[in-house]
Amino acid sequence: MRRSISALFLCLSVAASAPAGAQIPAWVNEILAAAQLPVVTAEARNEGVANDEIRAVLDAMKSSNVPAHEATAVLDTARSVRREHGPVDNFGAFVQSQLAAGKRGRTLAAAIRAEHARVGKGKGAKSQGKSGAARDSARGTGADSGSRGRPAAGEQKGNRGRGNPVKPNR
Amino acid sequence: MRNTYLAAMALVVGIGCAREERAPDTSAAAAAASSATDRARAAATIANAIAANPAAADSILTANSHTRESFQRLMYDIAADSALSAAYTAAKAP
Chain B
1 MRRSISALFL
11 CLSVAASAPA
21 GAQIPAWVNE
31 ILAAAQLPVV
41 TAEARNEGVA
51 NDEIRAVLDA
61 MKSSNVPAHE
71 ATAVLDTARS
81 VRREHGPVDN
91 FGAFVQSQLA
101 AGKRGRTLAA
111 AIRAEHARVG
121 KGKGAKSQGK
131 SGAARDSARG
141 TGADSGSRGR
151 PAAGEQKGNR
161 GRGNPVKPNR
Chain Y
1 MRNTYLAAMA
11 LVVGIGCARE
21 ERAPDTSAAA
31 AAASSATDRA
41 RAAATIANAI
51 AANPAAADSI
61 LTANSHTRES
71 FQRLMYDIAA
81 DSALSAAYTA
91 AKAP
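Just so you know, the protein sequences line up as chains B and Y, in that order. Under the working numbering, think of the first position of the first sequence as 1, with each following residue one higher. Under the working numbering, think of the first position of the second sequence as 1, with each following residue one higher.
Honestly, the hints are just simulated from the structure, not real lab data. Possibly wrong hints are sitting among the right ones.
Anything over 12 Å on all C-beta distances counts as not near chain Y; from chain B, calculated [stated by the list, open to error]: (1) A93; (2) G105; (3) A110.
Derived list of chain Y stretches under chain B, where covered just means 3 residues or more per stretch with a C-beta under 8 Å from a C-beta of chain B [what the hints assert, rightly or not]: (4) 51-63; (5) 67-76; (6) 83-89.
Please read these numbers as outputs of a predicted model, since none were measured by experiment. The beta-carbon is built from N, C-alpha and C at its ideal position, and this holds for glycine as well.
Required output: the full structure, derived from the provided sequences and hints.
Right, dumping it as structure tokens:
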């Protein structure tokens with residue numbers, strides 16, 4: 001009898017405690033992800049991303065009605081691939097063009113990854129011998145590129161290699 | 001001599017008035033910056049409260065005169081400003 005009562009108490013306590021943590025509505029998770037947006041941008045600035053570039057990306061996403069939680073994911077992806085492949089010129093304009101093409105969420109993140117892998121100004125990209133002008137013309141942005149030949153932000157601030165901790169493939 | 005004295009007095013009064021006129025502009029700008037920073041810190045407090053008690057997210061937003069949409073817009077506004085982002089990040093619980 002005593003054993004069955006204690007087993008009953010155990011079952012009740014498990015049943016009462018288990019669902020409490022798992023019942024966060026999706027919109028609350030979105031709010032929590034949105035609340036990370038200023039943190040992600042502050043960290044990006046600390047890593048050497050120019051404020052103008054961040055603003056351009058944010059403006060593009062805001063004007064395309066991308067919710068803030070998605071913007072957090074996009075910028076987080078951009079930070080991650082920037083560390084891996086180095087920065088790209090006119091990143092704000094690139095994001096704007098992708099948004100205009102209707103890309104959102106994972107598709108947009110994939111496009112950002114591909115762009116950084118293709119024209120990222122990291123050590124790996126430099127060793128391929130591509131000049132900035134060649135990269136710009138390949139992207140079709142040679143005419144309106146105002147920052148051609150600009151050194152990587154990490155190098156500008158004397159933090160060489162900070163924006164590209166991954167060693168290039170040799 | 002008397003005219004020179006009067007002219008000097010007028011100059012001193014004029015400079016004083018000009019400085020008084022400029023002072024409110026400076027303090028208004030500082031107050032606006034401070035108020036924006038306070039807003040960023042307040043937003044971090046809201047985010048911390050929601051993270052600590054997700055079940056009460058709706059009431060926390062309402063109590064702070066926010067909707068889900070207005071809070072998301074606020075995040076965009078703070079993120080776009082480097083000083084506000086820094087203030088928000090400092091006040092936001094990890």
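So which of the earlier hints does this model not fit?
none
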